[in-house]
Every structure is written in C-alpha cells, then in structure tokens.
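Letter by letter, the chains look like this.
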Amino acid sequence: MIEEKLSTSKSTVERFIEAANRKKILAQKCVKCSHLMLGTVLFCEKCSGNKFEQVDLEGSGVVVTYTIQAVVPEGFEDAGSYAWVIFQLDNAPLRASGFLPGIKTPTDLPIGTKVRVVGYDPKHGLLLQK
Amino acid sequence: MTTNKVCLLGAGSTKYGKLNESIIEIALNAAKGAIESAGITPKEIQAGYISNVFGVADKQVHMAPVIMSNLGISHVPGLTIESACGSGSVMFREAYANIAAGFYDCVLALGVEKVTHTGTARSTTLFSYCSDFFYEGGSGATFPGLFASMARAYMATHKATEEDLAHVAVKNHENGLMNPKAHVHKKITVDDVLKSPVVASPLKLLDCCPFSDGASGTVLCSEEFAKKSGRPYIEIIGSGRGASPAAVQGREDITTIPSTVAAARQAYKMAGVSPKDIDFAEVHDCFTIAEIIDIEDLGFYPKGKAAHAVRDGATRLNGEIPVNPSGGLKSKGHPIGATGVGQVVEVFEQFTGKAGERTVPNAEVALTHNFGATGASAAVHIFKKVDRK
Chain U
1 MIEEKLSTSK STVERFIEAA NRKKILAQKC VKCSHLMLGT VLFCEKCSGN KFEQVDLEGS
61 GVVVTYTIQA VVPEGFEDAG SYAWVIFQLD NAPLRASGFL PGIKTPTDLP IGTKVRVVGY
121 DPKHGLLLQK
Chain W
1 MTTNKVCLLG AGSTKYGKLN ESIIEIALNA AKGAIESAGI TPKEIQAGYI SNVFGVADKQ
61 VHMAPVIMSN LGISHVPGLT IESACGSGSV MFREAYANIA AGFYDCVLAL GVEKVTHTGT
121 ARSTTLFSYC SDFFYEGGSG ATFPGLFASM ARAYMATHKA TEEDLAHVAV KNHENGLMNP
181 KAHVHKKITV DDVLKSPVVA SPLKLLDCCP FSDGASGTVL CSEEFAKKSG RPYIEIIGSG
241 RGASPAAVQG REDITTIPST VAAARQAYKM AGVSPKDIDF AEVHDCFTIA EIIDIEDLGF
301 YPKGKAAHAV RDGATRLNGE IPVNPSGGLK SKGHPIGATG VGQVVEVFEQ FTGKAGERTV
361 PNAEVALTHN FGATGASAAV HIFKKVDRK
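Which chain is which? The protein sequence lines are U and W, in order.
The first sequence runs 1 to 130 under the numbering used here.
The second sequence runs 1 to 389 under the numbering used here.
Don't read these hints as lab results, they were simulated from the structure.
Hints are supplied without guarantee of correctness; some may be wrong.
[Stated by the list, open to error] Derived DSSO-like pairs (lysine-lysine); straight-line CA-CA distance at most 30 Å:
id, chain 1, residue 1, chain 2, residue 2
1, W, Lys5, W, Lys354
2, W, Lys32, W, Lys354
3, W, Lys276, W, Lys384
4, W, Lys159, U, Lys130
5, W, Lys32, W, Lys276
6, U, Lys114, W, Lys303
7, U, Lys10, U, Lys23
8, U, Lys114, U, Lys104
9, U, Lys46, W, Lys159
10, U, Lys46, W, Lys187
11, W, Lys159, U, Lys114
12, U, Lys104, W, Lys276
13, U, Lys5, U, Lys46
14, W, Lys303, W, Lys354
15, W, Lys59, W, Lys227
16, W, Lys15, W, Lys159
17, U, Lys104, W, Lys59
18, W, Lys5, U, Lys123
Note that the structure is predicted; figures quoted are calculated from it, not measured.
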C-alpha cells in the first residue's frame, strides 16, 4: 500500500501561528502601496497590487470590544471563564482578535485595557494576556 | 439592464421549532404549502432553489435533487445554496434573478434546516463554523459572543443600555404570540430578559433567538404567469445584495453592518422607494442588538437612535414602522436555511389576508432583510401588494 504524504508547503495559517508564538501578529504589507492586511491575501484591497511582504507586528494593543463567554463551544469546556476580545494594535492600523483567559466580569476588562499576544494555544487559538 | 418583473404567487411554512420529521420531510411539507397556495401543480415548476446550511447534521446534502424527486419532478434542475443564516434570502435573490433574466417563468424557492436534534453544545459549535473561524470561532467566540461584542461596542458608542436591547425581545415575543407557527409562544417582560441567564455578556438567554428546525417555501413567477393564474400575487419591486468583511475585527465601525447598508441602498433604488415608504419590515433579529443595528442600517432611524425608538414603541405592530410582525427570529424561530424565506412567507400572509390578528393595517409595501453570520453577506427585498380588482 502506498501511503500518501501530506503536502509540506507551509501555509499562511502556520506562519501566523509561528508569529503568535513569537508574540507577534503576522501581517501582509502591499509592496506597491504599503497597505497592511491580515490573512491570506492575493490582491491588495486598496490598490489590487499582488506582491506582499510579510511583516511581524508587535502583538500589543488595546481592547476595542469583547464578550465573556458563558455558554462555550466544544473544545472550550476546560477553558475556565474567558473573554473573546477584539483589540487595536498599538503600532499598526489593524485589529485582531483572540482568547483572553481569567476574565470573570466586565469590571475585569474595561474597554481600552492593554492586552498583548503571548502565544498560540492549539486548543484555544490566539492567546492574550492583560 | 432591462429585466422582467418577478412576482410572488404562493408561500407556505411549516411550524418552526423542534420537529420530529427528517429534513427532507420538513422541506416537502413547506413545498406542499407553497405549491398549493400558488394554485399550481409541481409540473409547472421549471427549477428548484433550495437554501440549507447543516444538511450534513441530518445526513443529507445535495438536497435539491432529493426534494425535486419527492415532488414527482425529478427532471427539474435544482440548486442548493448556502450563505450561513442568510442562505434563505441569498437563495431567494438567485431565484428572483433567474426569472428576471427570463430563464424561467415559475420556480420553487425553499429553505430548510434541522439542527435541534444535535443539542445546544453541538449546534453552538456548528454555528461557529459560519464565522471567520480561524480568527473568531477558533479563539472561542460563539455567535452569541460575536453579537455580544457588537452589542458592547454599540452600547459604549451610542449610550444604549441592556434594558434598551430587552425591549426588542419583549416586542417580538408579543408579536410571536399571534403567530401560530412561531417556535416560542411566551409573553416576556423587560425584567425577564434582564434576569435570564447570561449566554455571552452582555447578551442573555432572552436576547438570543432559539435554535429551530423548519422550512419555508415560495413560488416565484413572471408577471405574465402570475396574471394568467387569476390568483392573488405580490410584485417584488426591489432586490439588493451586499457584503462585509467576514471577520468583525476587519470592520472599521463595529456598530454597523456594511452588507445591510449596501443591499438596502440597491433595493430602495430599484424599487424607487425610500425607508419612509415601507409599511412594515421583517428584519434579521438573531439577537436583540441585531435588530437595533438593522433598523438603523436600513434607514428607518439615524445611527444611534434606534434603541430609543424601540423603547418608545415605534416598532410595535401599531407603531410608526412595525418591525417583525411575525415575531422575528427571536420568537418565530431561526431555522437558518429557511429564515430568509420565512420572512417572505410573512409578507405573503400579510398581503393576502392570512396574517390574522398580527395583520399590519393598510400595508402595501414591505421589506425583508436577512444576513449571514455577523452580516458578511446580506440581501434585502422590497414587495408591493398588487390590487387585482
């Protein structure tokens, strides 16, 4: 029997996770107009340029909005009380979102609170810390 | 571009709720209702458009040919369309466009869903796959959580309160009590909403629509076909589609849904009407905050003003713009593949004298609005009652 091997090319998702484990947010910067975007992009949303430079952005920012999940999806039953947070990066005009454990009530997390990326948890996603 | 007029000739829904039948049986029950209400036989249907999201949960995908076969018209081409919670309206738009373009004279446009048998935890997880999963569901956000984050942003920006949101739920439950096919028949108070268990703060259980099973079907046709039928029909005078960044983090303003704004603008322009001409609207109230955002994005209220309008009763059945006379997703229920079609069924019932005590008096122009996920996709349609006297 011939065992088929998984392709070895590294995906953008894997590179994003590697960057998160270095406490960074991976972004794509358009070579033509310098516009920054997250994720796998083939064309720039501003100028339709098709060449990008990958940049590591500092994973620190402030909370824009969030929720504290009481009813959780499968895989988060062991996560304790946590917030899912959208945050504005300090040094780039981009927002990202992630998992912030240990948040029990809204008084624990006023809008504007500083947060930073501390890694990528295979079970819980982009891991944040206050 | 010149297009043909498109008319709504028939419509029917199953009850929404926890249903025992298979997903195909549920779909067929709605199809039967729609076909009978149009006064046609299945042989007159030239194409079938089906909307569904989680057929796999009831072991059936590629649903359109199965439905066509069970209607005795296995030779009729079918197409199954998925656009998360907006599947129904997005599919309806494709059915509309194919008649407008002259490809068909008569089609069945039907949405169906069956998820309640999977239980709350599984359904919550399945629905989270409709988000931009790597950024949202994968980091622990559920749909109540995503809308809760929008609610928190809205309340902070526009000085609204959890009590303001609760008024949406109270009003929609009040309307749903008059809808025999609604999933949740329960009168509630603002206090009930505020004291219900937190699902994802600041949203509580009674801010959220239920998981529902159900199906809704419509028969769409050309104006010539409608006139020849000799039966009551409704003209679709506006149709619009819009899109937003899939992830909430990608939106400049978290308190508005760009896809709704774009779809509404197109539909109003095509119909030659403005928000003040709309006599009632069926909008996507998956969560109380969604209805507040919707009725601003649809142009009924300026940004930041809808919460007060709802509190003042302006969107009640006897208010200046009745919103969700059917009970909305909140009370009528949210079988996600069917929801956008169910809104059209409500318009049909309202305009053909079948809405009973929830009838909006003297209504002649109505709007339906339905979106997928947190509004990544949306469609708006505008309908005009045709006087056949």
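query: CA of Lys276 (chain W) to CA of Lys384 (chain W), is that 30 Å or under?
result: The given pair, whose Cα atoms are some 14 Å apart, holds under the 30 Å limit.
- prompt: Is the straight-line distance between the alpha-carbon of Lys104 (chain U) and that of Lys59 (chain W) 30 Å or less?
  reply: violated (39 Å)
- request: Below or equal to 30 Å on CA atoms is what counts here, so check Lys104 (chain U) against Lys276 (chain W).
  value: violated (44 Å)
message: Check the hint pairing Lys32 (chain W) with Lys354 (chain W) against an upper bound of 30 Å on the C-alpha distance.
response: holds (17 Å)
- request: For the pair we were handed, Lys114 (chain U) and Lys104 (chain U), check the Cα-Cα distance against 30 Å.
  value: Distance of about 17 Å is within 30 Å: holds.
task: Take a quick look at whether Lys159 (chain W) and Lys130 (chain U) sit within 30 Å of each other, Cα to Cα.
output: Holds, at about 26 Å.
- request: Would you check the hint for Lys5 (chain W) and Lys123 (chain U), treating anything up to 30 Å between C-alpha atoms as holding?
  value: violated (52 Å)
message: Tell me if the straight-line CA distance from Lys59 (chain W) to Lys227 (chain W) falls inside 30 Å.
response: Measuring from Cα to Cα gives roughly 40 Å; hence the hint is violated.
message: So if I understand the rule, the pair passes when the alpha-carbon distance is 30 Å or less; does Lys114 (chain U) with Lys303 (chain W) pass?
response: holds (28 Å)
Satisfaction of hint between Lys187 (chain W) and Lys46 (chain U), Cα-Cα up to 30 Å: violated (49 Å)
Given hint Lys354 (chain W) paired with Lys5 (chain W) - CA-CA distance at most 30 Å: Distance ~24 Å between Lys5 (chain W) and Lys354 (chain W) Cα, so the pair holds.
task: Quickly compare the C-alpha distance for Lys5 (chain U) and Lys46 (chain U) to 30 Å and report which way the hint goes.
output: Violated, at roughly 38 Å.
Consistency note: the structure conflicts with the earlier hints numbered 5, 9, 10, 12, 13, 14, 15, 16, 17, 18.
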